[in-house]
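Protein sequence lines correspond, in order, to chains C and U. Everything in the first sequence is counted per the working numbering, starting at 23 for the first residue and increasing by one. Everything in the second sequence is counted per the working numbering, starting at 222 for the first residue and increasing by one.
It should be emphasised that the hints constitute simulated quantities derived from the structure, not laboratory data. Hints are not guaranteed to be accurate.
Covered by chain C, according to a simulated footprint, are these stretches of chain U (three or more residues, beta-carbon under 8 Å) [said to hold, decoys possible]:
id, stretch
1, 226 to 237
2, 287 to 298
3, 311 to 320
4, 332 to 345
5, 349 to 363
Note that CB positions come from ideal geometry on N, CA and C, so glycine has one too.
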Amino acid sequence: MADWWVVLSSGLTLLVALFLTGMPIFIGFLVIIIGGVLFMMGSAGFGMVVNSMYDTATTASLGSIPLFILLGEILFRSGCVQVLMDSIDKLVGRIRGRQYVLSIALATVLGALSGSSMAVGAMMGRSLLPAMLEKKYDLRLSVGTILGGACLAPIIPPSILAIIIGTLADVSIASLLIGGVGPGLLLAALYVIACFVKIRLDPTLAPETEALGKVSAGEKWRAAFGLLPFSLIIFMVVGLIMLGIATPSESAATGVVGGLLTAAYYRKLNLRMLYASFGEAAALSAVILLILVSAVMFTQLLAFTGAISAVIHIVTSLDANIWLMLFLMMFLPFVLCMFIDQIGLMLILIPIYVPMIRVLDFDPVWFWVLFLINITLGAITPPFGYVMFALKAAAANVSIKEIFAASWLFVGLTLLGMLLIVLFPPIVTYLPGLLR
Amino acid sequence: MRPLSLFFRAHDVLTDTTYIIGVFGLASMVIIYCAEVVTRYFLNSALDWANDAFSNILCITIFAMVPHVTRIGSHIEINLIPELLPSVRRPLATMGSIVGAFVCGFAAWMSLQENVRQVALGIQTAQNHPLPVIWMSGFITYGFASSALYFLRSLFPYPAVLPVSFVTQMAAPSPSSGIE
Numbered sequence: 023m024a025d026w027w028v029v030l031s032s033g034l035t036l037l038v039a040l041f042l043t044g045m046p047i048f049i050g051f052l053v054i055i056i057g058g059v060l061f062m063m064g065s066a067g068f069g070m071v072v073n074s075m076y077d078t079a080t081t082a083s084l085g086s087i088p089l090f091i092l093l094g095e096i097l098f099r100s101g102c103v104q105v106l107m108d109s110i111d112k113l114v115g116r117i118r119g120r121q122y123v124l125s126i127a128l129a130t131v132l133g134a135l136s137g138s139s140m141a142v143g144a145m146m147g148r149s150l151l152p153a154m155l156e157k158k159y160d161l162r163l164s165v166g167t168i169l170g171g172a173c174l175a176p177i178i179p180p181s182i183l184a185i186i187i188g189t190l191a192d193v194s195i196a197s198l199l200i201g202g203v204g205p206g207l208l209l210a211a212l213y214v215i216a217c218f219v220k221i222r223l224d225p226t227l228a229p230e231t232e233a234l235g236k237v238s239a240g241e242k243w244r245a246a247f248g249l250l251p252f253s254l255i256i257f258m259v260v261g262l263i264m265l266g267i268a269t270p271s272e273s274a275a276t277g278v279v280g281g282l283l284t285a286a287y288y289r290k291l292n293l294r295m296l297y298a299s300f301g302e303a304a305a306l307s308a309v310i311l312l313i314l315v316s317a318v319m320f321t322q323l324l325a326f327t328g329a330i331s332a333v334i335h336i337v338t339s340l341d342a343n344i345w346l347m348l349f350l351m352m353f354l355p356f357v358l359c360m361f362i363d364q365i366g367l368m369l370i371l372i373p374i375y376v377p378m379i380r381v382l383d384f385d386p387v388w389f390w391v392l393f394l395i396n397i398t399l400g401a402i403t404p405p406f407g408y409v410m411f412a413l414k415a416a417a418a419n420v421s422i423k424e425i426f427a428a429s430w431l432f433v434g435l436t437l438l439g440m441l442l443i444v445l446f447p448p449i450v451t452y453l454p455g456l457l458r
Numbered sequence: 222m223r224p225l226s227l228f229f230r231a232h233d234v235l236t237d238t239t240y241i242i243g244v245f246g247l248a249s250m251v252i253i254y255c256a257e258v259v260t261r262y263f264l265n266s267a268l269d270w271a272n273d274a275f276s277n278i279l280c281i282t283i284f285a286m287v288p289h290v291t292r293i294g295s296h297i298e299i300n301l302i303p304e305l306l307p308s309v310r311r312p313l314a315t316m317g318s319i320v321g322a323f324v325c326g327f328a329a330w331m332s333l334q335e336n337v338r339q340v341a342l343g344i345q346t347a348q349n350h351p352l353p354v355i356w357m358s359g360f361i362t363y364g365f366a367s368s369a370l371y372f373l374r375s376l377f378p379y380p381a382v383l384p385v386s387f388v389t390q391m392a393a394p395s396p397s398s399g400i401e
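Excised from the complex, chain U in its bound form (with noise of 0.2 Å):
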């Protein structure tokens, strides 16, 4: 396999491995504040860690996951003008990758210089139990350098370059999940 190749997969499987990230994230929210709930109505004992866990995890979770659904290509456009100029549809989709994956870029790059400044100013979360930020943080610089990554590699539809995924299978969400 090319040394680009490989990084690609290897790319694709750090993706895999922050979507489980990602869902092990979200099950344990549900377990903390069904934890804080119990324990706060029946036992009488609110837990102080629960509210402050609850608020990383979710930081976590959402960076862990920007990666998959930008690989997906799921996020939520407007495609007005594409609809009713299907003649524009591809160099619109062409800019909107070129767009993405800069702006991703530099947002992970402004992302990594706080983090710099986290971590050489040693700074905590202002919680009951305080944690370093950058472990939160952290997944923020990751989130939008890995969805700029994917975003550059949209733009080469060559089989080495295709994303693929070995947890999920590869299609946008249904219609029976949304918010709308």
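Bound-form chain C, shown alone (with noise of 0.2 Å):
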């Protein structure tokens, strides 16, 4: 057999030029897969590529996808989403810069009850940045909450993509939903603060007085009092799974009920949207999940031609500083997913990190949210960041230009954030703590 870097180096370079072809990231897989078990096992090795697919496929943990799925498509097919929105509005108070707050906290809120930040960029760019701008608040700043806020998503639980992590890392998906709450708030408040330290040193970033009718006591609490079935499913998801009542699949399937009662109460639920829901969730699941079953006989070709036993030798024989090393390979993924889909470069990365963190003796949970972190903000790095296609989609009048404008600030608070959670681990791993 050829030396294992002339495999992994020839094998990678031809995935990476399949999937810029624009074919789907499943079939380049599939090619590499077939191809690869041809050369080195024949077509003895048919039956294993067939029987890791149904493996994969029948891995219960990876069920929560469909369900979190299924949670964020009722929530915004029934509308209920914007009783969300409403109420969050009314809460908000009364000070200089509101609308900046009301974005993060309602990107922070929707980060809880859908996993896609594509869902909340897109949502936040039809309804509230219109009337961001006709209030007279910058346009970039606008624009940039809403894209950080967006970002906030896949890491706030429910998240498909630490599910995504955790299944092919082989770390425990319940302490990656948990941890990534930590993050996830704290880059919440980062984007806050630096909002107010813009419109300290530039005031006119924000109206002086926004034309904002006399909210009631009484309105403040039936807002208030409007947000507890979310609160339900938050609940039901994080919840079941910090008291240790339900598994992560589980709670996503009880998630999906207290969905199903929000938009009861709300009296938004009906057939059509039920229809429209469930088939959508089934859909876009079996696209996730194909690539994911692909994905996974990919990593077991990768071990197959020492290729990973090599990385472990090289990576334990260079003796170089971790610091560098965990600096290395944060920078790698930030770097290549200003250009290549994410997705496909986690599902590239993943199982050559995983023999690496070991060796490093990195915190599993730690170093996997901090990945998820970064993968998850090449989302609005330029130039293909995909919720900046989806703001623009939403709002056709803001140029791509400004919108790539507003996206830099949010990038360096995030990785300000990022660079935080490295100097103090505990604001990842305190939560998943309390499960063991």
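Take the two lone chains and join them into the complex the hints point to.
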């Protein structure tokens, strides 16, 4: 058999080349898998490929992916999210720059209900951005808060990306999900602080007085009461995992029931919406899980080539500073995510990183949450951040140039957040520690 | 109606049928795990079949849905080169369909070989209540075979060949969905 590095480098190069042609990601993986198996084992390896696919497709923990997607579908399609927006709007007080705070607070809560940054970005771009611009808020900062806020969705549970990472890296999915809570809240706080600092330095960024109808104490109570059904969903997802009552997949199912109850409470439940939600969630899950089914086999094939053990050997013999290694391991996806789809990149890097973090003795939950934030950041990093394109599609009158320019402040703030997580690991590890 | 056209309509109807299976599969996954949580924590009696049934239905749901996803062309792709070079977009799409048809067809053939072996040896799941593996793995073969046919059909943009659906809107998922 050829040297492992020849197999690894030619395999990865071909895989990236296939991805870049625009063919479906799962087809790219299958080409490499079938070619690799034929090259290394001949037709005797075909049964192994099929059985690997079957094993992955019957992995119960992956069932949380369709269920979390379904939860988001029900909430967005039923229109419950609009109720949520109105309630939070009433609860944010009369402060200068309140729309920025509203934007970030809303994105944080939406992130706790849906794992999709594109959904949050598109929705806020359609509904909140026009209101912010009408009230003379600064375009760049308004767009930035939406981009930054949307970025929180895959970090705060429920997070599909965390489940994919947990599955491929063999790390507790419950710990990864709960580990995202601290960083999500930290980033939200950093974004709000940055907005206040910017307004302080340049008061023209926010109107001095916003035309705001008087919100009575009764209305505020009603708004707070209106948030209760959503709190129930968050409890049914995060709370049940934290209390050890449900596994991530089970909590996803109870979260769906919470979503259905919420839609019923607001009289937005109907058969047409349910059929569309279930159909779209099942279809989207098939897209993701088919890629995952292929990627797991790719990982097994990498191990078979001897590449994984060789990477371990190299990292062990390098004797490099672990912080330098951490920097390089984060810098690589940060740069590549500017040009390559996050999911594709993630599926390539995870099997290579898994043995490395064992050798470097990093806490797996801490490392993979950092990696998750880094990967998520790719969504708002020019020139190929898909949340920026979703926002552009939702707000046609805002130029892509303005959206690109708006993103950098929030990219910088997220990097600052990552630095804080590196310096203070309990931001990630404290809550998962309570699970053990 | 010509035989070929009839064949394609039958293919679309089969995809619609498995789409419905996928929808009910997802609904049953919700019900099974909620029932499991309720019986385990309120009735103190876990369902010994829940996890197994959930896993089996997950496999069926994924591969029952795959042909529909291929039909509407909503697999995740990285469109970097096609976006940057519009002149090569069409040839690359054609190449993608040809490779897709070949690879999915090959995967279906591999899976079929394994299905035959599973039936011949009577292989069952290693679960509390064993079931024939073919009940689930058969959907893997179906998912790839049907997708191969959709990739092939996408190469011929004639009205009789163009895919249709009787139970869904033929559109890719909206931006309100998405995992990223």
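Within 8 Å of chain C's CB atoms, at least three CB atoms from the stretch 287 to 298 of chain U: coverage verdict: holds (count 8)
Take the stretch 311 to 320 of chain U, compare each residue's beta carbon with every beta carbon of chain C, and decide whether three or more fall closer than 8 Å. With 5 residues closer than 8 Å to chain C, the stretch 311 to 320 of chain U meets the three-residue bar; holds.
Against chain C, does the stretch 349 to 363 of chain U show at least 3 residues with beta-carbon separation below 8 Å? Contact hint for the stretch 349 to 363 of chain U vs chain C: holds, 4 residues under 8 Å.
Given that the stretch 332 to 345 of chain U was listed as covered by chain C, double-check it with a C-beta distance under 8 Å for 3 or more residues. holds (count 4)
Given that the stretch 226 to 237 of chain U was listed as covered by chain C, double-check it with a C-beta distance under 8 Å for 3 or more residues. n = 0 at 8 Å, threshold three: violated.
Of the hints listed earlier, the one the structure fails to meet is number 1.
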